[in-house]
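Trainee: Input sequences plus hints: build the corresponding full structure.
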Amino acid sequence: MAAEVDVADAVRDRFGLTWQPALAAGILANLDRIDVVEVIAEEQFGASSRATRALETLAHQVPLLVHGVALGPAATAPVDARRLDRLARLVERLEPAFWSEHLACVRAGDIEIGHLAAAPRTGATIDATAANLSRAASIVGSRPMVENIATLMEPPASDRSEVEWVSSVMTASGCDLLLDLHNVHANSLNFDFDQVEYLDRLDPERIGAIHIAGGCWIDGPDDERRERRYLDDHLHDVPDPVYDLLVEVGARVRRPLTVLLERDGRFPPMRDLLWQLERARAALAEGRLRAQRDDAPGP
Amino acid sequence: MRPEFETFLARLYTDAPLRARFLAGPREEAERQGLTVEECAALERIDRVGLELSARSFAHKRTLKASRRARPWWKLVRAALGRPRH
Chain A
14 MAAEVDVADA VRDRFGLTWQ PALAAGILAN LDRIDVVEVI AEEQFGASSR
64 ATRALETLAH QVPLLVHGVA LGPAATAPVD ARRLDRLARL VERLEPAFWS
114 EHLACVRAGD IEIGHLAAAP RTGATIDATA ANLSRAASIV GSRPMVENIA
164 TLMEPPASDR SEVEWVSSVM TASGCDLLLD LHNVHANSLN FDFDQVEYLD
214 RLDPERIGAI HIAGGCWIDG PDDERRERRY LDDHLHDVPD PVYDLLVEVG
264 ARVRRPLTVL LERDGRFPPM RDLLWQLERA RAALAEGRLR AQRDDAPGP
Chain B
550 MRPEFETFLA RLYTDAPLRA RFLAGPREEA ERQGLTVEEC AALERIDRVG
600 LELSARSFAH KRTLKASRRA RPWWKLVRAA LGRPRH
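Heads up: the sequence lines are chains A and B, in that order.
Read left to right, the first sequence gives residues 14 to 312 (this note's numbering).
Read left to right, the second sequence gives residues 550 to 635 (this note's numbering).
Where hints are given, some of them may not hold.
To be verified - Each pair of labels, with its calculated beta carbon distance range:
1. Gly-187/A / Pro-566/B: 27 to 33 Å
2. Leu-44/A / Asp-564/B: 18 to 24 Å
3. Trp-230/A / Glu-553/B: 32 to 38 Å
4. Asp-123/A / Leu-613/B: 27 to 33 Å
5. Lys-614/B / Arg-25/A: 22 to 28 Å
6. Leu-572/B / His-73/A: 50 to 56 Å
What the hints assert, rightly or not - A few chain B residues that face chain A, going by a derived Cβ cut-off under 8 Å, partial list only:
7. Glu-555
8. Thr-563
9. Pro-566
10. Leu-567
11. Leu-584
12. Arg-611
Hints are computed from structural coordinates only; laboratory data are not their basis.
Even for Gly, the Cβ is constructed at its ideal location relative to N, Cα and C.
Mentor: This is the structure we're talking about:
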C-alpha cells in the first residue's frame, strides 16, 4: 500500500470533496487529508459579499475548483451572457485551479428543465456545444473542463454513442474532460455497455479530473415497475465498480489528476467520506503502479 | 437539431399533461406540435420508461432547488464547534 501511495504522490494527484455547508466543519478540520475543494458556482451566485469573502479565505487554505451545474452548453441556443458574466466574476474572485461544466442541456426556449438533460447525440449538437463552450471560454477567460453526465434516457434522435459524442465535443471545443466515473457506471448499467471499453475510447491525455459518487436503483413507472434504472443521486457511498474504474484510469492516464468525491445529502460521518477518499487514493495509485510495471523494460 | 425539437423535449420533461398525451400517441402529438417527419419518427421510438423517470427526477430537482435555503456555512461550523453566539 505504501509503495502505491508513493506513486500517486510522485505525479501529484489531488483528492478532495465538493463543498457543502453541512460538511464545512468536517472539511476545515481535515485539511491535512483534503487536497482540494470543489465549489458549486450557482450556489455562490447571489451570495452575500460576506459569504464570498469567507470562500476567498478558504481559498487561501486549500485550492478551490469552480463547478457549474446550470450553464447548459449542450443546446442550440447561445448560453446566457449574464450567467457567464457571473461565472467570470466568481472565477476572478476565487482564482480556482480550473472551472468545469456539464455536457448537458438545462433549458430550451423559456423552459427550465431543472437539471441536467442529455442532448441528442448528433453532429449538430456537437457543433452547438463547441460554440457555446468557446463563448464561455472567451467571457470567463479560460476553457472549462467538461463533464460527461448520467442519464435515465437515451436521448431521442441520437445517431452516435455517448462516448463518440463526448470525444467529438472535446475535439471540437478543445476542452479537457472531467470524467465522472459514476456517471459512466450508471449509464453502463442503464444502457448495457462495457464501462472499460468506454474508457478505452477516450483520449487518456485529455482527462484532467475525475468525479466519483454513489447512486441507487429506482423502479420504473407504475405500469413498468420491473424495468429499473440506476440513478446517480450523490446520496450513497461510492460503489466498488467505480473504484475499479479508477484503477483503470490510473493505468491509462499519465498526467496528474484531481479526484473529487461528490456527496449532496444523507451525509455520513466525516470519517466515512475520508475513508472513501483514501480508497480513491489507493485505487488510482494501483492503476499508476500497473502502468509503471507495464512500461518497465523486460528482463 | 432544431430549437423546436429541443424545446419540445424540454416540454415533455416538464409538462405532465403534455407527456401523458404524447405517450398515448407519440406521432400524433409530435405532428400536432409541427415537428418534421424525421423528428416525429425519432420521438415515436422514444425510451418511454426513461422519459418518465427523467421527468420525475427533474421535477424532484426543481422542488429541491425551490425549497433550498442557503444557511451561511460558518454558522454551521460554529454550531458544530459548539461556540456561543456573540
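Trainee: Hints broken by the structure, by number, lowest first?
Mentor: Failing hints, ascending: 1, 2, 4, 5, 9, 10 and 11.
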